[in-house]
Each structure stands twice: as structure tokens, then as C-alpha cells.
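Visitor: Listed here are the chains, written in short residue letters.
Number of protein chains: 4
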Amino acid sequence: MRNTLGHNVTLTIFGESHGPAIGAVIDGLPGGIKVSEDSIKAALDKRRPSNKGETSRVEKDSFSIVSGVFNGYTNGNAVTILIPNSDTHSNDYEANKGLARPSHADYVAHEKYNGYEDYRGGGHFSGRITAAIVAAGAIVIDALEAKGIKIGTHIEQLGSVKDTRFDVLNPEIDAVNAKSFPTIKDVSDEMLKEMESAGKDMDSVGGIVEGAVAGLPVGLGEPWFSSVEGELANALFSIGGVKGIEFGLGFGFASSHGSEVNDPLTVADGKVGTTSNNNGGINGGITNGMPVIFRCAIKPTPSIAKEQNTVNFLTGDNAKLSIVGRHDPAIVRRIAPILRAITSFVIADLLSIEWGRNFLVK
Amino acid sequence: MRNTLGHNVTLTIFGESHGPAIGAVIDGLPGGIKVSEDSIKAALDKRRPSNKGETSRVEKDSFSIVSGVFNGYTNGNAVTILIPNSDTHSNDYEANKGLARPSHADYVAHEKYNGYEDYRGGGHFSGRITAAIVAAGAIVIDALEAKGIKIGTHIEQLGSVKDTRFDVLNPEIDAVNAKSFPTIKDVSDEMLKEMESAGKDMDSVGGIVEGAVAGLPVGLGEPWFSSVEGELANALFSIGGVKGIEFGLGFGFASSHGSEVNDPLTVADGKVGTTSNNNGGINGGITNGMPVIFRCAIKPTPSIAKEQNTVNFLTGDNAKLSIVGRHDPAIVRRIAPILRAITSFVIADLLSIEWGRNFLVK
Amino acid sequence: MRNTLGHNVTLTIFGESHGPAIGAVIDGLPGGIKVSEDSIKAALDKRRPSNKGETSRVEKDSFSIVSGVFNGYTNGNAVTILIPNSDTHSNDYEANKGLARPSHADYVAHEKYNGYEDYRGGGHFSGRITAAIVAAGAIVIDALEAKGIKIGTHIEQLGSVKDTRFDVLNPEIDAVNAKSFPTIKDVSDEMLKEMESAGKDMDSVGGIVEGAVAGLPVGLGEPWFSSVEGELANALFSIGGVKGIEFGLGFGFASSHGSEVNDPLTVADGKVGTTSNNNGGINGGITNGMPVIFRCAIKPTPSIAKEQNTVNFLTGDNAKLSIVGRHDPAIVRRIAPILRAITSFVIADLLSIEWGRNFLVK
Amino acid sequence: MRNTLGHNVTLTIFGESHGPAIGAVIDGLPGGIKVSEDSIKAALDKRRPSNKGETSRVEKDSFSIVSGVFNGYTNGNAVTILIPNSDTHSNDYEANKGLARPSHADYVAHEKYNGYEDYRGGGHFSGRITAAIVAAGAIVIDALEAKGIKIGTHIEQLGSVKDTRFDVLNPEIDAVNAKSFPTIKDVSDEMLKEMESAGKDMDSVGGIVEGAVAGLPVGLGEPWFSSVEGELANALFSIGGVKGIEFGLGFGFASSHGSEVNDPLTVADGKVGTTSNNNGGINGGITNGMPVIFRCAIKPTPSIAKEQNTVNFLTGDNAKLSIVGRHDPAIVRRIAPILRAITSFVIADLLSIEWGRNFLVK
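Residue numbers (the numbering used here), protein chains in the order written: chain P, 767 to 1128; chain L, 767 to 1128; chain R, 767 to 1128; chain S, 767 to 1128.
Same shape as in the complex, but just chain P:
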């Protein structure tokens, strides 16, 4: 609960956008997982703003592993990664103190935390925190890959520009993971143009990120209250901006008939599978051995430069707000690696519950 995700393999995160540091604690991993600092760096690079139109806050993301790793391998105890905050322009935020950014968490944070919230840069609500998640996820992603389990994410939609969806029987995971702007079709330039255009309009734009997990065994998850869908959804709704999630055909099921969308089973080479995958690899909350496929709807970044109506919750007055800090006109691209990282924790946790702590190393 709170800042902790998972049951047997857990991820705990901490930090505020403009505090001394952010970080993540991974617990429940077995001793003996190889930890590659290069993988962590590469994952952080993918999350970092780097394209035209993205925020000009570019943290170096220098991280240090302060516990849980010994001689290059997990030692079986909690792994902690620390990322100091450096490029903080805290003064950007003093001017707008009390002015609630529409669709952001400023007002609820003020109410929930009794007026003691860290209002600088969104505090604990900042996307900044996700750097720690991405760094931690790199360790787990590597461990899962060593067991033949792969997780891929791509930008299925950015504003009006659409990519194709994953092939649900054989998702293009390696292909999208190889790209810094992950799409299946060659639509990255169009998407970047859409972002840039929104930025020029002092506006922002939404999108959809699609995820796929391949190589899972049959039997992860529970029918009630710990379904694979539910566990993934709970985890992924933590990402600021995710406002919808669907598995397989998702909302497309609503207007369908069972005879069209039921997934026929088949035996080939002694292995049971399905010939379609409208259920996104999950039946009754449990993995069926087919790729797990899901899509997250991402709202436009709330922080825009255009003037908006709002309130000053310190004075109780109505007010106008134009946001001048450094912000992304679309966070969709940056969410792709975050979504991949969070998914890796959910999968590792489900595997650990089912096959025990040492599954990832044995």
C-alpha cells in the first residue's frame, strides 16, 4: 500500500521533484541476479527527455546502488537505488504557490497533507519519481529476459497520429525496445511533429501506450482480487496521466458477439494455445500462456502555458494561471519505458508468488 507495490517482490519509492534525492527499494529478489549498471543507464536514457518539444529539464540521472548488490549480483536483501536531484529550478514554483494547476494534484495534495505539501514541481506527484522506477526496473527486466520473459511497450497513439497495434500472437517486442521513440510503424516523425505543434500552441496532447509480455507460463494470477489484469491495472494507474487501461480487445468487446471474439483453443506440438488472442493472454484473471497485451490511455500533460481558470487555494479566490516552468507537451513517449518497468515488477511478483523466491535464478 502507499508507496509500495507488490506482495512477494516489492517496489517502494520515495522522493520529491525538488528534494535532495529520489529512490527505489526492491525487496524480495533472490540472491544471484546479475545487476548491470549499463542496463540501468540505458533504461534511464530512454526515459530522459531528448526530443524536440520535450521538457528542457535534463537531469543527469546519476544513480548509485546503496544496498542489496554485492560483487555485481543481488545479495538477497533489499536493493536500493538512489538518484540525486540536481537540475532543480525551485524558484519557478514560488510564484504560483497556491494556484492549483487544473487537472494536476496541487489542490488535492494541499488538502490531503494538511497544507504541508511540497509544492515545488509537483513534489511526490512529479514524473521525476519515475526515474527511480525505471532504474529499478532495469534490474528486473534483465532477470526476466534471462528466463525468456520479454516486455515491450510502444506508442500506439499520440494525439491524432496512430501506430499499428502489437501482433497479438507474436508481438514485435524486440523491435520496439530497440527504438528510442518506440513505434511499430514508421510514425515517429509524425508524432514528434504533433508534440512540437502542441508545444508551440502552449498546449499539450494525449495518447496511448501499448504493452506486451511474452514468454509467461500458464497459471499466474488469481480469479478474485489479484487477477493479472487487476494487478497490472493497479500498478499502471500510478503513472501520472494514465486514465484508462484495457486488455486484449478491451473496450472493443462491448459491441462484439462471443462467437466472433472467443479465442478458440488448439493443440500444436503438444502445446495448448489459442488461434486468436482477444483476451490478451488472460482468462479468469490468470495467464494462459499467450502474450499478455494491454493499452493505457494517457491524458495530455496538465501543465500548459496557455492561460487557464483556476483557484488560489491559499486565498480562496478564483484566479488565472499561465504555467511557465519546463514541461513536456506530451509524456506519452516517456511513459513507454516507465510502463515497461512497472510491468516488470508485477510480473516478477506474480512469478514469485507462484514459483517461489528463487524462480528468477534457478
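The hints are simulated quantities; they were obtained by calculation from the structure and are not laboratory data.
Keep in mind that a hint or two might mislead.
No copy is singled out in the list; a pair is fine if it fits within one copy or between any two copies.
With a straight-line cut-off of 20 Å between C-alpha atoms, the simulated PhoX-like cross-links for lysine-lysine are [as the list claims (entries may be wrong)]:
hint : residue 1 : residue 2
1    : Lys959    : Lys928
2    : Lys1037   : Lys863
3    : Lys928    : Lys807
4    : Lys1086   : Lys928
We have chain P; now place chains L, R and S onto it with these hints.
Guide: Just chains L, R and S, lined up with the frame of chain P:
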């Protein structure tokens, strides 16, 4: 985890479709909540198949409260409701033993439970279990209403027939809860026709159920890993057939600009609110005092009479299957009260975490 | 939390002494564990009062398994055992309503549950609830024994009469489990006399129950906050009357020197062990492969016939109380099988966390 | 579970004795708790070895708060305290690699963590980790004191030297907390002599630490599986060396009669209390408003200089071991502030569950 939902207020469910009984244990409620058997009966009636085209399995749903209630009030200990199974036609299922119903959990259950699954009527995966959830939910729904918190659900879509969406600033909760076939517009006859038609075709059809919660205080939920969206999503994905969930504008955000969909704040009578509600009452994972609005995509009932391709997982052969048991051609209507009940547990839990155990009685 | 014990394998209990029924839900067991109703009956018999001087409330303890078992084996879903209450003399308790039994939970229950507590027979605080735990434990005890893990409990002390302690390297588990009044030495007659004598004096008497677990693998438990000692202690302090617990030498360590009580390690036949077992099979919170040994201090039954000073919390006055209901002058003997059952859940949970769900059947 | 303690208010710890840093994350605290760096320093000073005969490893314990505190107050998000390790003599440990210290966790860590354990200085099993707990506890202890809840700990026994026990109706909390070597009677010199003497003998010695909590409301804790005794016991058994815990009269109950040890209730000034406190402030697992009193048995430090028999688990041979590192001949004094800190977390958690998140600031 497993069959238990929640942190401070918990719901634990048990039972199989064709076992002796199903039941629910509610824990964490304070002493002093009035328990109305009439409310429980009324809630069970709403869930029961009663319309043309719905399953002919009609359980009496006679329930008994075996713990936690004393002299008509909760006594502060675990409340247990037991519902015996009576109208079980177990032999319907022996014939098809080993034949996995496409898109159902038969195959995953066989694999996960080492071949010892109760295969009769879907066992623990059966919608039957939801009767216990609905009965338990009636107690919590009443307690929430006494505190001014209302939960409503309606059928927004059934196949090709659409209802209007909730008014996001003032959802029509009382109106939809008063109906046995809950819709906002007068589309129930059309929807029933769609169900009937699917049934005649030996087929089934999907839909969308929309939920609204009004009267919530500001400040429930957490930014990370226990967002209101995440907690509700995890709970609601337990309902067999739910394959997508979105909050507020949901997937509609993907092609929107921030300037169009950000919710402007305003002060009126000293109270902060928003003039639109595209975020569905939740910012940064935390309630903002506006109605919480969400939609669940429901897949068509997997069990259809039409012949389908599948496997016999006991023999390892490909096979054909025509399902002759009693099944609903659409479970959308029946999901509405279930979704309401599950939502009530999530809300009660979030309230308890924030304001303590006695919030519901003080 | 609350009425639920464990993480991966969980036990949830419900019921009040004079309500319709008590029960237990076991969750997280794999499919395929053999369930013997005879074992459940035998375990309930051991818990039942049967000796001179014990309470004259003799429930038949007829139980029914209402979920989770199919054709004599666990089906992988929640196992629920229900035990109806029959021999309830509720009127015994109306006379003393508002009179707090000293050292019992009457007063705290009244305060905690806002005055709505079920005051009849101790309600949810009654030892009656332990019948459900013992019944549920029988299933887990059998499953553990099938894997070579044995749990034994005996009465080490009853008032002034002492049994010998377990041989810490080779505890006499089978021997004590075979007895209805479990002691190692032949002191049962003396102990019964002590109980009888206390009863005649309208008084009660305390004692110590010792437990041993043999056959555990190395590596269960965690160094911090989930040590084997901590998990067992948390579980066992739920037993009404347990007011102390110690592992291995326990409080005997306080006046010892390291050189006397450190357990030297040794290799024999390629297997590492220790030549003494002062640590009770646990180092750093983790099992070391030697027998786990612990002792629980049990206070005298609070309910005694002798007149005591107390308060009437309904009127706010000082008062006198002589308890005339049916009560045991010592619950030590009856706690032995309860302690065994609860221990079995903790062990099964620790095993499941470490080796996965199917460990007990594979 | 694992390195995380608590339900609503949680403590997560990480770090190894000779890694870059140790730390603690406190989650679930409300916004608005004053954070005093002086209190943290003072608490760390009490834990630090400072007396004759204690370890010569003297860390500066310079700490930094890297999240959750803003302008001197908690901001409502996870509070993280980081303590770098500096005075590490890692080479002390290379020589003895593979040689299991008797009664320490070396062997179990090697087995549990698949041979990847950080063996330097006990790794994650080191008492060093408790510095982070003590630092974090200082924040919670201050918050509790501001609400009138006080926690005191003293050394009741060190080897053969005994202090008096707390006055159970009015424990001497302020008095013991004011001392750097906390005892009620003037026995600190005798105790120091006992430690020094053990050290000279290349040996170590055990003891008992007693704790008291005053000012608690009635109603914390649960009858089953979350009793106050169970929650405290689970937390306190995490402290390396704690091998027994008892509440109130504890093991003294075993030979007592109910009429002697039941706590009579009385009303004075409209307030219900008891005239004795043999139950240590807890009935049926729930606080009754009297001081909570408990004692922990501490085993002698396992690391002694005297030669001991053991095994080399890397070679599988029997071996001899003389430990030459820096170690305390008794950790009893240093455990007193640790026990106080851990107790503060359990109490804050129980309060939060019962009265909501903001109890500590409202």
C-alpha cells in the same frame, strides 16, 4: 491478495458454483452499523436473472448472516454471509469435462490447480460467487449512504445499443439505482431485444457498465500504487468479463489537447470544485471532491451454444464444443449491481484508511 | 491483518461464541492436498473439553466443508470450514451484562466496538473460535507431515507441576501428539489434580505449552520484520491467554555467556547442523535446519467463580462479580492442539513464500 | 513483509553493514509532523557504542533526510533517512569467509541467498542497520510525545546484575529516557563491570530490556492475528538477539492462580482503570488504557573472541574460529533505544488504523 480485497476494510470471498455454499467475510467494519436484511434481499434480487434471455438458473439466494451482527447492528467483528447453493445441475458439466470453453478459465484452472480444479459450472470462477459480494455490499452501501456517499451504476452499452453517459457534475445515481434494468435513457427494451436476439443466435454479446460515486471527501487515495483509479481497477477486474476500465474521459483523452480537457477549478460558496470533470473526480490518484466516474468494458459471455473449436486438455486432442448449460447471453445487466457492491468496499476501505475505523458510524 | 493470518497461505476466521456459527477460510493452498475429515474430527476431539474439571460446555463440533474441497482434495480455491454453534446458554450472560470480567476483554470490547459488542460468552474473544482454527489446521498439518515436517506440542507446566522440556535435537513429537493429555513425562495425573483443585477453589491456574517443529529446510523467514520468531509470535499471541513466548533458551539467555550458549556447528554426512540448539532452530530470524523450539506462557483463565472487584461499564459504578458460567479452570491442555494448528499455518506460509505455491504437493 | 513493518504507518529498511549506506523509509505519516534533526542526533547518540567494553567501531552516523520533509515538517509523503557507512574494516571479514560464526546468521544467509550473501560484517543481519531504525524512530517518538504517548526502555538485567522492573501503574519513563545507560535503580556501574569482565574473558553476556508505553487510549489492536502483543512481538523479534518476549506478568503467569493475578477494575473520577496491571495493559489483544509493559530476552552477542567449533560451509569441513573483529560483549544497552524506536512504529501504526492518518497532528 487472493480472495481478499482491501487493506483496512476487507472482503474475503469463498465458494464454488456447485459446492455446498458460497460466502463473504467483511472485516474491519466498526461496531454500530445498522444491518438491513431487506437491503441484502433487494440487492440480491437486482443481481438475479429475471429477464427474458437470461440464464434459467434461478437460485433462491436465501442467505444467512453467521457472524458479526448482533441485535441488528455490526458488532465490530468479521461479518460473514453464507448463501447455500441449491439449484445446481452438476451433471450438465460432466459431459464436457476436459473440453476447455474458449475464453473461459477451464484450461488455466486445470493447469494452475494441478488438475484438481472443481470444473462444475466454472467452480470458483463462476459468476455465482458474485451473489455473496452483492449481499455483503448491501451492508456497506447502506452505511455509505447514511454518510451521504452514493454509488450508482448503469448499463451504458449493450452490444450496439447505447445509453447516455452520467452527467459528470451531477450523476443520476438515485434514478438508475431505482431501476431493475438500470439505464439513464429509456433504452432497456432495445437492450433486452439485443440480448434476446443474441440468445436466439446461440451467441452472446458484450457491453459497458458505467459507475459513479458522489459525496466523497477530498483526499482519498495515494499518488503511488494505491491511487483511487488503481484500487478500483484492481477490484473491478475481478469481475469475470471486465476487460477494460477508464476514468473520466478515459481513452477519450488520447486524441485531446490539455487546453480542451483540463478541468478548470473554481470557488463557489467557499467550496473548491471544477467546472468540468474530465478527470472523473480524481487527480494524482486522489479524490478531488467531484463525482468519481468510471466505465468498465464487459466482454460477451464466453459460454455460447454455437459450436466452437477447442481442445480436450485431458486427452491433449483438438475438439469441438457446443455448450448446453444454462447461461446468460449477456451479463452486462447483472454486472451493474456487482460493480456497485465492489465499489462500495473500495470506498469504505479508502475512507477507513484516511479517517479511521469509526468514520462510518460517527 | 485483523482476522487474517499469513501472506501467501492465509487463515481467516470468523464467528462469535453464541452466534449461529464459527468458521475458517484457508487461502493459498495448491490444488491436490488430500483432505481427511477423520483428521479434522480427531483434531477437534483433542481440543474438546473432556477431562475432570474442564468446562461442561461440550459442543459436538459437527463441521462442514463448504468450499475449496472437491472429491476429497483441495481444488486450489479458498477452503472454508463451518462449525455451527449449538450448546449455547446465552442467558448465562445476560445477568452479568455490563460487569467487566477482570483480565478478560469485556471492557475493551465495549469501548472498541462503540457499545455494540456481542457480549455473550466473550463473543469473538471466546476460545470457542479456536475450534475453527483447529479444524482448518488439521488439513495443513496432514499436508506438512506428508512432506516430512512435523509439529508437536505438550504441556510443559500446569501451575506448580512441570513436565520435562523437549529434547532440542530430537524432540519427542510423535509421542506427545499421540496423547490426549500431552506430556513427555508421566505427569498428566498430577496436572489434572492441579486443575481439579483450582476448580474446587473457584479459581483457575496458568501454565506453559511447548512447541517443536522438525523437518524444516534451511532458509525460511527473513532477518527483519518477518523473522520466524516474529511470525510465530504474532500468530500465537492471538491465542487468548498467551502472554509470553520464547525460542530455544529464551529468557535463559539473559544470564548466560556466549561461550556457554552459542551453538557450535558441525558437518556430519555432508550435512551441516549444530551440536546444541539453544537458538531453537533459528538464526537471524531464519531456520537453520535444526528443530524449531518455543514455549508459550499461558495465564490462568480469567473467568473464575470467586468474587472479584470490577466495574459495571454501563452504569459507571464499581461492582462485585462472581462468574457462574461454564469455564475451564485451566486452558493449558486445550491450548496445545490450538498452538499446533496455528503453527502449521505459519510454517505453510513461510514455505509457500520461499518455494512457491505447489511446494506442499510436489 | 520482508523489510517492511506495519500496515498503515510503515517502516522499510535497507542496507548492509559494509555497503555504501543504510537507510529507512517511513510511510503513512500525515503532513505536518515537526521533524527535529536534534532529536534524531540525540537518538543516534544513545545507540552508539560509547562505554568501556563496547565495540570500537564508532560510526559518525551522519544522516541525511532525502525525502518526505519540507521546511521542517513532514510533507505527507514517504520520509527517507540515509546514513552512509564510513568506518568499515571490510578486510576483517575476508579471512574468515566461509567460517560460520556459531549462533550468527552466516550459514543461513549463505544457504538462503544462494551463496551471494554480503558476508562482510553480517551484511543485512548486522546491528548496524538499527541506526536507521533509531533515526527514523526519533521522528515518530516526538510525534507520539506531542500527543501524550510516551515510550520508555531500560536494562532490566545484564548477565547476573538486575535492575528493578517498571512500576506497572506508573512506569518511570522520563527517568530512564534521560539516562545514557538506562536503569531504574543505580546499577549501571555494576552492569558495565559485567560487560567489561565478559569482554576481558573474550566472551559476551545476555540480558533483558524492559519497555513501557504510557498514555495510550483504550481500543488499539485486534483479538486475532493483530493483537498488540502480536504486533509488538513480531516487530521486536527482528532485533538481532531478542529470543523471548513477555507482556505484564508474562512467564510469571504459569504458576499463578486467577484470583491472584486477575486485574480488578475500578472507576475513579469517571475513568475506568485497573488496580494491578499483570496483563501489561492489554486484554484480548487490545489496549485497556493502562501502561503497556513488556520484556525482551536478549542473548549474548554471538561474536566472541574465544575459540569455537564450527564449519567452513564453502569447503564443507569442520573448523575452529576465533573472531577478531570489533564487537560488543553485550548489546543489551544498545538495544534499549532500538526497542524504543521499533515500539514507536508499532504504536503509530495501531493508532493510525484506529483513528485515521491525521491522528498524530490533529
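Visitor: Next step is simple, just say for each hint if it's right about the structure.
Guide: Taking the hints in turn, this is what the structure says about them:
Taking CA atoms no more than 20 Å apart as the test, Lys959 paired with Lys928 passes inside one copy only; the shortest distance there is 13 Å, against 36 Å between copies. In this assembly of identical chains, the alpha carbons of Lys1037 and Lys863 lie at most 20 Å apart only when taken from different copies (19 Å versus 60 Å within one copy). Taking the closest pair of Cα atoms, Lys928 and Lys807 never come within 20 Å of each other, the shortest separation being 29 Å inside a single copy and 49 Å across copies. In this assembly of identical chains, Lys1086 and Lys928 lie within 20 Å of each other by CA distance neither inside one copy nor across copies; the values are 34 Å within and 38 Å between.
Going down the numbered hints, you'll see the structure goes against 3, 4, while the others check out.
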